[in-house]
Structure formats: structure tokens, C-alpha cells
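Since chain A is already given, all that's left is putting chain B on it; use the hints.
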Amino acid sequence: MSNTNEITQKFSSSTYIKVFFILTILTGLTILQPLMIHMNYAPTLKIQMLIAFTKITLVVMYYMHIKGASSIYKRMIFAAMLLVTVLAAFTMGDTYIRLLMHNDFFSN
Amino acid sequence: MANAAVEPEIVYDKEGNAHEVVDFNNDYEGAKLGFWIFLLTEIMIFSSLFLVYGFYFDQNSSDFVQASEHMNRLLGGINTFVLLVSTLTMGLSVISLKNNDVKKSTKYIWITIVLAAIFLIIKYNEWMIEIGEGFYPSSPYLDSLGNGVKLFFGLYFTLTGLHGVHIIVGIGVMLWILSKIKKGEISSSNFVVLENTALYWDFVHIVWIIVFPIFYLIY
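The listed protein sequences correspond, in order, to chains A and B. Numbering that gives the first Met the number 0 numbers the first residue of the first sequence as 0 and each following residue consecutively. Numbering that gives the first Met the number 0 numbers the first residue of the second sequence as 0 and each following residue consecutively.
Fair warning: there could be bad hints in the mix.
[Said to hold, decoys possible] Straight-line distance between alpha carbons at most 27 Å, and here's what the computed DSS-like set of lysine-lysine pairs gives: (1) B:K106 - A:K17; (2) B:K122 - A:K45; (3) A:K17 - B:K102; (4) A:K45 - B:K149.
[Stated by the list, open to error] Coverage of chain B stretches by chain A, computed from C-beta distances (three or more under 8 Å per stretch; other residues unrestricted): (5) 39-48; (6) 51-58; (7) 71-81; (8) 87-94; (9) 204-217.
I should point out that these hints are in silico values taken from the structure, not numbers from a laboratory. Every residue gets a Cβ at the ideal spot worked out from N, C-alpha and C, and that includes glycine.
Looking at chain A on its own, in the form it has when it is part of the complex (with noise of 0.2 Å):
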């Protein structure tokens, strides 16, 4: 076991740079997508949305170094993404009850 910090590093600065590039061009479209592409604000959001996860997917996997890390992040990252996910799914069921009994409500 070594007192010192290990080099796990297997990004060097070209990567970083071109993945800076993509991460640019990627927010261009987000802002011009609205501008150019005019549409009703559901599919927008979901445009919106796939390019904001395209981004965050870059940004962990190269500048947080996640590709390529151990098993254990990907795992973590993983748990964290599903309990969100059961989260969102609890707030939906939710919702979507709450609107069948305000409907029920109304129809009686």
C-alpha cells in the first residue's frame, strides 16, 4: 500500500479538450433547438432533456472519470439513479391517483 496518491489517470488533456468541443456544440443545440425548431413545449422539454443526459453522460464518464473507474462507482452511481427512479415512479403513481379521484370526484 503506497502513502502516496496512485495515478489512476488514463485521460490526458486532448481527451478533456475534445470532449469540451462536444460538450460546446452540445449546448449550442440547446440553445438554438427552441429558436430554430419551433414546437410545442412537450417535445422541446423531451429534445431538451435528451440533450441535457447526453451531456451529463460525457461530463461522468470523462471528466469524472467514471469509464474505466472500478465497479464499485458505477454500482454507487448506479443505487443512486435507482432509488431516483422509484422516487419519480412514487411521485407519477401518486399524481396520476390524485387525478383519478379529483375526476371521480367531479363525475359523482
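This is chain B only, laid out in the frame that chain A set:
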């Protein structure tokens, strides 16, 4: 605390190889893992707020779209780019330190601090514009608008405020790191604190990647 006269403590790995425990306070993997656990708690905080946003957006879509039209997209866009560049400079500072180029690493950290300060100045001006137009909690003008608009601005100030607090904390940590580098406590052989700060800064960037479209670009 270990002392020179005491027998060294030996631990064994899965293959049965012996390793001497050198320093409990300089465990690279432990420091990284601990920081990731902290980041996961941060993910839960912001995810909960995004869920609240999603719930109220579902209930008040037209009000949210109407409220979003009042956002300053130019300033929001500039801030997005500022944060993007700052993430790059923060990453480059880690690489420079690993390559034992302390001067370059310090320079990149200073650039990141300046960019973070620019972000805050722009955000402050944006808030002042919005407050000047009457979009602040409990303002008579905002109270005269729909419930969805009130919720939108309540969530906007909460999320961007919490994000701004994270930026301020980040600046403080970077200044502390600069003093540690100057003292030689953070170096090319002991850089985990800087690496964890870069992880924190990436997280701050990720939050903004979601905040920007959901508040500024729903039209």
C-alpha cells in the same frame, strides 16, 4: 497514531500478499469513495427538487411556459458557457498537478475561480433584473399572476439559489486548495483533494445542465 518504535501493521490482500499500513490519513481510494458518497447525497437533494419541479410542471404546464418567457436567455446562455469552460480549466488543473506542473495547475485553478465569480456576478444581475420586474416571492405583481407562475419563480429562486451557494462553497474550497498547494501539502504525489474538488465542480456543472433548459428554454 503509528509511531516509529512500534511494529508496523501488516494487512493481507485476497491473494495473501502482505502490505504495510503506512498512513491511515492518506488513503486515496478511501478519500475518493467517501467523496462519491457525499456527491450521491447531493444528487438526492437536487433530484428531489427536480421531482418537485416535474410534479408542478405537470399540474401547471401553461403557467410554467408563460413564466419561462420572462427569463433572460442571453444571460443564462452566457452563464452556461462560463460554467462549461470552468469545468475544463478545473480538469486541466488536476492533469497539470499530476504532471508536476504546479505553476500551470495554480494558474488553471485561478482561472476557474475567476469564471465562478463571473457566473455569480451574472446570476446576481439576472436576479436583480427579475426582482426589478416584480418577480420575487410574495411581490404584489407575482401574487396577481397564476399559481403556476408563482410556483415557477419559487422553484427558480430555490434551485438557482442553492446552486449559487454550491458555487460560493466551490470558490472557498479552491482558495483553500491554493494555500495548500503553496505550502506543499497538495502536490503531484498527493492530489486527491484537488481531484475531489474537480469532481464537486463537475457536479455543480451537471446541476446547471438540467437547470438551464427547464427554466430558460421551455417555449
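Violating hint indices (sorted, rising): Violated hints: none; all satisfied.
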